[in-house]
Amino acid sequence: MFSVKAIPTMPHRPLALLVVVVLAASACSSGSTTPAPVVTQAPVVTTAPGATATVTPTTGPIGGTLTVMGTWSGDEQTSFLAMIQPWVNQTGVQIKYTGTRDINASLNQGIQTGTLPDLAGLPGPGQMAEYQAAGKLIKLNDVIDSATYKANNSSGLVNLGMVGTDIYGVFIKASVKGLIWYNPAVVDVSKGAPKTWDDVKALATADASKAKAAWCVGLESGAASGWPGTDFIEDFVLRTAGPDVYKQWYQGKVKWSDPKIKAAFQDYGDVIKASYGGSNYILSTNFGNGGDGLFTTPPNCLFHHQASFITGFSKFKTGTAGTSYDFFPFPDIDPAYSGAVEGAGDLFGMFHDTPAARSLMAYLVTPAAQSIWVGRGGALSPNKLVVNYPDDIARRSGEILANAKTFVFDASDNMPTAMNAEFWKQILVFVKDPSKIDAVLADLDAVQSSAYGS
Amino acid sequence: MTVEGRAQDAKEDPNRNPASKRVIKVLRRAPVHVALFALLFVWLIPTIGLFINSFRSVDSINSTGWWTVLTAPSGLSLDNYRQVLGQQDLGSKFLNSLYITIPATLIPTMIAAFTAYAFAWMKFPGRTWLFLILVALIVIPLQTTFIPIGRFFSNFFGTNINGSFLAVWLAHTAYGLPFAIYLLRNFMGSLPREIFEAAYIDGASPVTAFFRLALPMSVPAIASLVIFQFVFVWNDLLVALIFIGGNTDNQPLTQSLASLVNSFGSGWQYLAAAGFIAMIVPLLVFLSLQRFFVRGISAGSVKG
Amino acid sequence: MDTRIITALEVVLVVPAVLVGYILATERLISLAHGKWRERIRPWLWLTPAFVLLTAFLIIPTIQTIWYSFHNKDGSQWRGLDNYAWFLNGTGLESLINNVLWVVFLTVGTIVIGLSVAVLADRVRYESLAKSILFMPMAISGVCAAVIWKFMYWYQTPGTTQTGVVNEVITKAGQSPIPFLVDSDYKIATFALIFIMIWMWTGFATVILSASLKSISPELLEAARVDGANEWQVFRKITFPLLSPTIAVVSTTMIITGLKTFDLVYTLTANGSYDTQTIANEMYNQYFSFSQYGRGSAIAVVLLLAIVPVMLFNIRRFQFQEGIR
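Residue numbers (this note's numbering), protein chains in the order written: chain A, 1 to 454; chain B, 1 to 304; chain C, 1 to 325.
Wrong hints could be hidden among the right ones.
Claimed, not checked - Once the Cα atoms are required to be at most 30 Å apart in a straight line, the calculated DSBU-like pairs of lysine-lysine come out as:
no. : chain 1 : residue 1 : chain 2 : residue 2
1   : A       : 201       : A       : 260
2   : B       : 21        : C       : 36
3   : A       : 315       : A       : 210
4   : A       : 201       : A       : 317
5   : A       : 317       : A       : 384
6   : A       : 139       : A       : 262
7   : A       : 273       : C       : 237
8   : A       : 432       : C       : 172
9   : A       : 384       : A       : 255
10  : A       : 150       : A       : 262
11  : A       : 436       : A       : 405
12  : A       : 317       : A       : 150
13  : A       : 195       : A       : 260
14  : C       : 187       : A       : 436
15  : C       : 36        : A       : 315
16  : B       : 25        : C       : 237
17  : A       : 247       : A       : 432
18  : A       : 262       : A       : 212
19  : C       : 36        : B       : 123
20  : A       : 432       : C       : 187
21  : A       : 317       : A       : 139
22  : A       : 212       : C       : 172
23  : A       : 201       : A       : 212
24  : A       : 253       : A       : 150
25  : A       : 273       : A       : 201
26  : A       : 139       : A       : 432
27  : A       : 432       : A       : 260
28  : A       : 139       : A       : 212
29  : A       : 201       : A       : 432
30  : C       : 36        : A       : 273
It should be emphasised that the hints constitute simulated quantities derived from the structure, not laboratory data.
Using the sequences and the hints, build the whole thing.
As structure tokens, this is what we get:
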């Protein structure tokens, strides 16, 4: 989409920069007579305590063009391009970036016809495995510094990018799911954030008079409507049945009608019952506006359950982190599974083995690169070394990701697409009428029996 | 234009109607005007809403209806337009849209014209069945053709044309042809037989009959076909994404506009502004072809 | 940039020349043949360009689709009619019922409104403006149409400020707001979508019907009026019969459009939730989102079969047309 024009007169010297060095724009342009490229925030990367310092890949001019496709568009696209700008300046490669939500269709087409971008965001782990099986994805083991990559990234994410013992996809951006947002002016957490789900319910009862309802929920999200509900249910499954059942569930080995899954739906049903506006409002309201009720006077609700990226939406975007809104992580339910965290991220893979593609891939997994997007806001880095979060909320979200005892990936995103889509849809059916729980689960079981395998 | 003028005069020549008759005529026409105005008003509301919201921030759109601006104008700005027009390479994408759309409208229209003539006025065995197949092709979901066509393009007489304009031109031509032939065949088939018989008696060949009679008489149908093929191709995002893919040099305007919205759907308020900007060209095409929707074009050519 | 302009110009100039040249060249070729053969060869030569393109781009892929419909997801195993059985036992029936609603209401809606505007606007001086207003929704891209109707159908809880026009009117009239896009009762969501589509496609019907209307000889209408026929009689006895072939064409197109409806269903009602599923949306999911080529193809074939009655009707009509002209 946007062509990032390279500055061709870069000094021809290999740059071996430590992450502690102030990177990119400022460093590069000092030796050059051309005006500095516009990078809005020159990222300052500091080494997190106890982490190994890494070296950015050495790159000189490469030239030529590189085709990149991703799901990132709008402000995400701007951030991604800002993230690769220092690399573009160093290598002189012209980037041809296309951001599209139909990346699935485009890549499927490319797999069949052979016309693929050099690098691309992959729709999910399932598709990554398919593209790998088709022999189209390039193994990244020696493209990136895989030892450092494995050491500095959460193993939950690293494993998702692997087929067998080889890396085929990497995460360059992540998010933490299952954060519970509240308005500090309304909800009183001075006695400490809730430690258990019962604490949350007790807090809701204690503060019941302060808002019209306990929860705010918004499920509308175009064709993917319902996904915020899948996240909530996944949080329940993870904390009541544990990571093993969670895994078997998304692998299709635990039925939906299993009591453990059904219990999660029932817990979610209780949340819906205690939510503002009734089912029609919940179903009609876009997830981005789902938390707006925290900020009305009088407040519509006390809590809103959503991933870390909600800070880029609506009242969160216009408000001030920490004062107008805050969060506490989804608390434990069964102490046996304490410290489990659910997250998500965007996989990135390589289709053509060219020097430019290798170089950019290696650059993208470095803390230097990822700190640029993180610094601009709206993203967490899967890399523990990146700590330059723009505010306290983002920093704490990043820490949850980095320090998770058990990190699991969004279960629905791990399911086959047909299963995932049905999960989204059945959330809507369930919210409309929670008494239909058995029909909903039976339907999901029926899809499960055919969605896995061929 | 002169033809229209004449037609209007014949309809409402003031010299033939004294003032009193004109008043009666206006009164008798009143229900026509009322009905039309009511309908046009209903049809315009959504677009007016979009237009007003294109000047509002996402917060205002979310909190109050656009009609509140009509009584208390506030918070209007050009920010959404600035965001849309500030996109890099927008001009280039706009030109790409023209490069894609003009040939992808011209080629199918021309091919359809003589194919339709053959179906309408030439006798050959299997004509009915071939036409049946042709109409059935309109219903084919484009998605089922993408992979076979893409494979064909990847070795198109020895070269890979995926990503080129040629690929989208050919695809849009093929996708547009069934409807184009269907529409024109219907129109040409309803032309009076005597005209063609007279021409043949005068020694005209089918080629002459096609270029001199059938084509000029079908101008209104061809004009409407051009309008719709143009609009479909201009507004297309999917076919371009599939056959142009990641080749940013050749992508159309719709790709630029779609990427205003991020992967979570944030930024949709820009689409209102984008919609109006993208709509200008198809509207101009429509307005400039309006003059072919005039009574007497076909009749006039017959006499001539 | 320069090369793009040159290529585009070449195409705009060369392609018409080639096509006209092709017709003239075939005529040369035909003139070599003997009298009776000329008439036999000519039609095939005229049809060749279109059928070469259609064969390569639509007919061959469709044959593949039919083949896939009897196979598993990637075409590696024969599955007989399993995919069809799966569709009819699953969302098939709901989709078929919804598509019947789509076809009936979309076709009737666009034809009735389109025909009224074409005929009424023919009598007023602001005809061009009227038709432009009806055409505008066609010129708006699909993504924007979805945004527009979000503003129209927006729902907020009763008692709060409504942000959608329709619900504002409803609440001002003292009724409770209707959650149009999530309401499956009485298929409200489906009808809400059909209305959007009528809004978008009436311009199409108007323009084509109007083009046809303009080809009716004014002398014919004037003669009827002189004979004492009132406007309604003129419309019923002359205009309508003369327009009927065009009405049939527009109806056929709208029926097919109704059958192929998917993007509004996909984006506005959560991928066919709330009892709005359609055949084409299910096909899109299976074929495009889930890479279930077998199932997707079977649904595409169902779509093809669904228009057989429409085609038979068209064949009869064309035979009739040729019989009377």
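Hint-by-hint comparison with the structure:
This hinted pair checks out: residue 201(A) and residue 260(A) have alpha carbons roughly 20 Å apart, not beyond 30 Å. Note on residue 21(B) and residue 36(C): the hinted pairing is violated, with a Cα-Cα distance of about 62 Å set against a maximum of 30 Å. In summary, the hint linking residue 315(A) to residue 210(A) is supported, as the alpha carbons are separated by about 19 Å, within the 30 Å threshold. Simply put, residue 201(A) and residue 317(A) have alpha-carbon atoms about 27 Å apart, close enough for the 30 Å limit, and the pair holds.
The straight-line distance between the Cα atoms of residue 317(A) and residue 384(A) is roughly 25 Å, inside the 30 Å bound, and the hint therefore holds. Between residue 139(A) and residue 262(A) the alpha-carbon distance is near 40 Å, which puts this suggested pair outside the 30 Å criterion. At roughly 62 Å between alpha-carbon atoms, residue 273(A) and residue 237(C) are farther apart than 30 Å, so this suggested pair is violated. Restraint check: the Cα-Cα separation between residue 432(A) and residue 172(C) comes to about 26 Å, which is no more than 30 Å; the hinted pair holds.
For the proposed pair residue 384(A) and residue 255(A), the alpha carbon gap of about 35 Å is over 30 Å, so the pair is violated. With a CA separation close to 36 Å, the supplied pair residue 150(A) and residue 262(A) exceeds the 30 Å bound. Of the pairs offered as hints, the one joining residue 436(A) and residue 405(A) is violated, with about 36 Å between alpha carbons and a cut-off of 30 Å exceeded. A hinted pair counts as satisfied when its Cα atoms are at most 30 Å apart, and residue 317(A) with residue 150(A) does not qualify at roughly 33 Å.
In summary, the hint linking residue 195(A) to residue 260(A) is supported, as the alpha carbons are separated by about 22 Å, within the 30 Å threshold. Note on residue 187(C) and residue 436(A): the hinted pairing holds, with a Cα-Cα distance of about 19 Å set against a maximum of 30 Å. Only pairs whose Cα atoms come within 30 Å are accepted, and residue 36(C) paired with residue 315(A) is rejected, the gap being roughly 79 Å. Distance restraint check for residue 25(B) and residue 237(C): the Cα-Cα separation of roughly 23 Å lies within the 30 Å cut-off, and the hinted pair is therefore satisfied.
With a CA separation close to 28 Å, the supplied pair residue 247(A) and residue 432(A) stays within the 30 Å bound. For the proposed pair residue 262(A) and residue 212(A), the alpha carbon gap of about 28 Å is at most 30 Å, so the pair holds. For the proposed pair residue 36(C) and residue 123(B), the alpha carbon gap of about 12 Å is at most 30 Å, so the pair holds. Distance check on the hinted pair: residue 432(A) and residue 187(C) sit about 15 Å apart at the alpha-carbon level, within 30 Å; holds.
Annotation: proposed proximity of residue 317(A) to residue 139(A) is violated, straight-line Cα distance about 39 Å (limit 30 Å). Our distance criterion of 30 Å between C-alpha atoms is met by residue 212(A) and residue 172(C), whose separation comes to about 24 Å. Proximity of residue 201(A) to residue 212(A) is assessed by CA-CA distance (about 15 Å); at most 30 Å being required, the pair is judged to hold. For the hint pairing residue 253(A) with residue 150(A), the CA-to-CA distance comes to about 28 Å; that is within 30 Å, so the pair holds.
With a C-alpha separation of about 13 Å, the suggested pair residue 273(A) and residue 201(A) falls inside the 30 Å cut-off, and the hint holds. A hinted pair counts as satisfied when its Cα atoms are at most 30 Å apart, and residue 139(A) with residue 432(A) does not qualify at roughly 45 Å. Taking the CA atoms of residue 432(A) and residue 260(A), the gap is near 22 Å; set against the 30 Å cutoff, the hint holds. Distance restraint check for residue 139(A) and residue 212(A): the Cα-Cα separation of roughly 54 Å exceeds the 30 Å cut-off, and the hinted pair is therefore not satisfied.
Using a Cα cut-off of 30 Å, the hinted pair residue 201(A) and residue 432(A) holds, with the two alpha carbons roughly 23 Å apart. Distance check on the hinted pair: residue 36(C) and residue 273(A) sit about 82 Å apart at the alpha-carbon level, beyond 30 Å; violated.
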